[in-house]
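Undergrad: Here is what each chain is made of, one letter per residue.
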Amino acid sequence: MCMITVNSLTVKYKDLCAVDNVSFNVYEQEIFGIVGPNGAGKTSTVECIEGLRRAYSGTVKVMGLDPWKERQKLYGLMGVQLQDTAYQDRVRVWELCDLFSSLYRDPALYDELLEIMNLNDKKGAYVASLSGGQKQKLSIVLALIPNPRVVFLDELTTGLDPHARRQMWDLLLQLRERGLTIVLVSHYMDEVEAVCDRVAIMDRGRIISMGSINEVVNSFNLKTEISFSASLHDTGDIEGLTGVVSVARKRDVIKVCGHGDECVAAVLKYLHDNRIAYSNLAVKPPDLEAVFLSLTGYTLAEEGDSAKGGGRG
Amino acid sequence: MKSGLIKLAVLEFKLFTRNFLSMFFLLVFPSLMLLLFGGIYGNEPEPIFGGYGTVDVSVPAYAGIIVSVTGLMSLPLAVCEYREKKILKRFQATPLSPAYVIISQVSVNLLMTIAGMLLLFLTGKIVFNMRFMGSVLPVTAVFLLSLLSVFSMGFLIAGLAPSMRAATAIANLVFFPMLFLTGATIPIELMPELMRNIARFFPVTHVVKAMKAVWLGESISSVYSSLLVLGGVMLPCFFLSLRLFRWE
Chain S
27 MCMITVNSLT VKYKDLCAVD NVSFNVYEQE IFGIVGPNGA GKTSTVECIE GLRRAYSGTV
87 KVMGLDPWKE RQKLYGLMGV QLQDTAYQDR VRVWELCDLF SSLYRDPALY DELLEIMNLN
147 DKKGAYVASL SGGQKQKLSI VLALIPNPRV VFLDELTTGL DPHARRQMWD LLLQLRERGL
207 TIVLVSHYMD EVEAVCDRVA IMDRGRIISM GSINEVVNSF NLKTEISFSA SLHDTGDIEG
267 LTGVVSVARK RDVIKVCGHG DECVAAVLKY LHDNRIAYSN LAVKPPDLEA VFLSLTGYTL
327 AEEGDSAKGG GRG
Chain F
4 MKSGLIKLAV LEFKLFTRNF LSMFFLLVFP SLMLLLFGGI YGNEPEPIFG GYGTVDVSVP
64 AYAGIIVSVT GLMSLPLAVC EYREKKILKR FQATPLSPAY VIISQVSVNL LMTIAGMLLL
124 FLTGKIVFNM RFMGSVLPVT AVFLLSLLSV FSMGFLIAGL APSMRAATAI ANLVFFPMLF
184 LTGATIPIEL MPELMRNIAR FFPVTHVVKA MKAVWLGESI SSVYSSLLVL GGVMLPCFFL
244 SLRLFRWE
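In the order they appear, the protein sequences are chains S and F.
Numbered by this note's numbering, the letters in the first sequence go through residues 27 to 339 in order.
Numbered by this note's numbering, the letters in the second sequence go through residues 4 to 251 in order.
Quick caveat, the hints were computed from the structure, so don't treat them as lab data.
Every residue gets a Cβ at the ideal spot worked out from N, C-alpha and C, and that includes glycine.
Certain hints may be false.
[As the list claims (entries may be wrong)] Derived Cβ-Cβ restraints for the label pairs, each shown as a range:
id, chain 1, residue 1, chain 2, residue 2, range
1, S, 151, F, 200, 51 to 57 angstroms
2, F, 167, S, 150, 23 to 29 angstroms
3, S, 131, F, 221, 53 to 59 angstroms
4, S, 305, F, 169, 55 to 61 angstroms
5, F, 250, S, 307, 51 to 57 angstroms
6, F, 147, S, 112, 33 to 39 angstroms
7, S, 131, F, 234, 43 to 49 angstroms
Using the sequences and the accompanying hints, generate a full structural model.
TA: Right under this line is the structure:
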């Protein structure tokens, strides 16, 4: 079932077009990622879906409701974590939970949520005394208190240490198992690869690629990178192998870039057949990070300074 | 929803009581000053105060401190903090409008200002057997006008300040002159001519002047010029702060 439908959404700030004719669907019980560089229009898009921002044109429906006009009905069905919200320093964890519970008709038991997040021993603590990770977890608790069907998480793990980030990812997967639909805004590619079922890549207000992680990565037709150490002086033969695009050598480290698995097979066969001793072999298939970098690289190379004024916001 | 409003107001009240500086300047400092100066000078009639005692004239003057603490410090800083921390925006994504967050802030500050004034009144009454010559209605009316006028300045500070830090700086810059140069702490009768003329430009001077007058039983019409100043400050401040107001 379709939880969210976004159709030709455009958001403008004065002359700036922050979101430019964006359309996508989010289906029930999936984790949908929106990624892209800073200023790509991710947050603006999500804020329109959350009913916090008015669309300049286009339509947004969440469970069939218009988030701007029918926000009161929707706020009981959606949970929201905003990008870097803080809370009052001298408010206690349970007091915030208690307040948020009183705003909804059928709230979840916040004691249970605090327990899932490992925050139950912090119930009486001041929010100011929580660590960055604990504060983010509290934000999620508050987002889940409405017993929502869909949750929006914006820059969930910014500022968290690697351990806390992985805990968050596990949690998101658990939440999906419990039937939630999650929209995740991020500029961390590893995070998106770890949890998202589908992803939309945004750049300068537009969606430039959308689908499963594999579909998106493949759509950019990027190269696999094979690197190894070997005392090999002439790399001309390797350049001629199937699928190989470029070969670079730095001291005894040789980097081969090429397309597809046959390129890897060809390089390995060449090394084997010619009895070339090698070590530290690494094969790095293209990933979302590479897509992201190629995107930003493309912008710099092709459009240079003229890109700076382009619709960011 | 209704229980949400009550919970919100109760929480804002609790948060206010946890703010040490506000609590101290609102509830402790004025009574402490009264105990100090009342202790030194007693409450015998003094010619410089027109035949009234030090305590008799200090209590209405300290109303100027009390409304400044809530109106110029506590309120604008809270509003700025809530905006900067995106707490107001967070409430936009709940069934409860963030307008209620502002409303409960104002209510809590109003209530606490009145509580501060009552406490000071009781200290004067119990410790020094202070005389209160006014009648309740004009004193209440002048106190409420003073409150609204100073609160409107607070809202203007909140509207003008681009950040919490700026708000703190502006609030301090406004608050301390209002504390010492208006007769709120140091009696205006003790100031030289030049200082008195400067003091006329501070709205809180008129709070002190009007409060003193009605407190000591003079008619409300005797201080109409001060009331006009307070009203004249309030209207443009509220108008401007409404125009400048932003949720984030």
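Undergrad: Has the hinted range 53 to 59 angstroms been met by the Cβ atoms of residue 131 of chain S and residue 221 of chain F?
TA: holds (56 angstroms)
Undergrad: Between residue 305 of chain S and residue 169 of chain F, is the Cβ distance one that fits in 55 to 61 angstroms?
TA: holds (59 angstroms)
Undergrad: Taking the Cβ atom of residue 131 of chain S and the Cβ atom of residue 234 of chain F, is their distance within the range 43 to 49 angstroms?
TA: For residue 234 of chain F against residue 131 of chain S, whose Cβ atoms are near 44 angstroms apart, the range 43 to 49 angstroms holds.
Undergrad: Take the C-beta atom of residue 250 of chain F and the C-beta atom of residue 307 of chain S, compute their distance, and say whether it sits inside 51 to 57 angstroms.
TA: Holds, at about 56 angstroms.
Undergrad: Starting from the range 51 to 57 angstroms, see whether the pair residue 151 of chain S and residue 200 of chain F falls in it by beta-carbon distance.
TA: holds (53 angstroms)
Undergrad: Should the hint that residue 147 of chain F and residue 112 of chain S are 33 to 39 angstroms apart at their CB atoms be regarded as holding?
TA: Once the Cβ atoms are compared, 34 angstroms apart, the range 33 to 39 angstroms for residue 112 of chain S and residue 147 of chain F holds.
Undergrad: Look at the Cβ atoms of residue 167 of chain F and residue 150 of chain S and judge whether their distance stays inside 23 to 29 angstroms.
TA: holds (26 angstroms)
Violation of the numbered hints given earlier is absent; every hint is satisfied by the structure.
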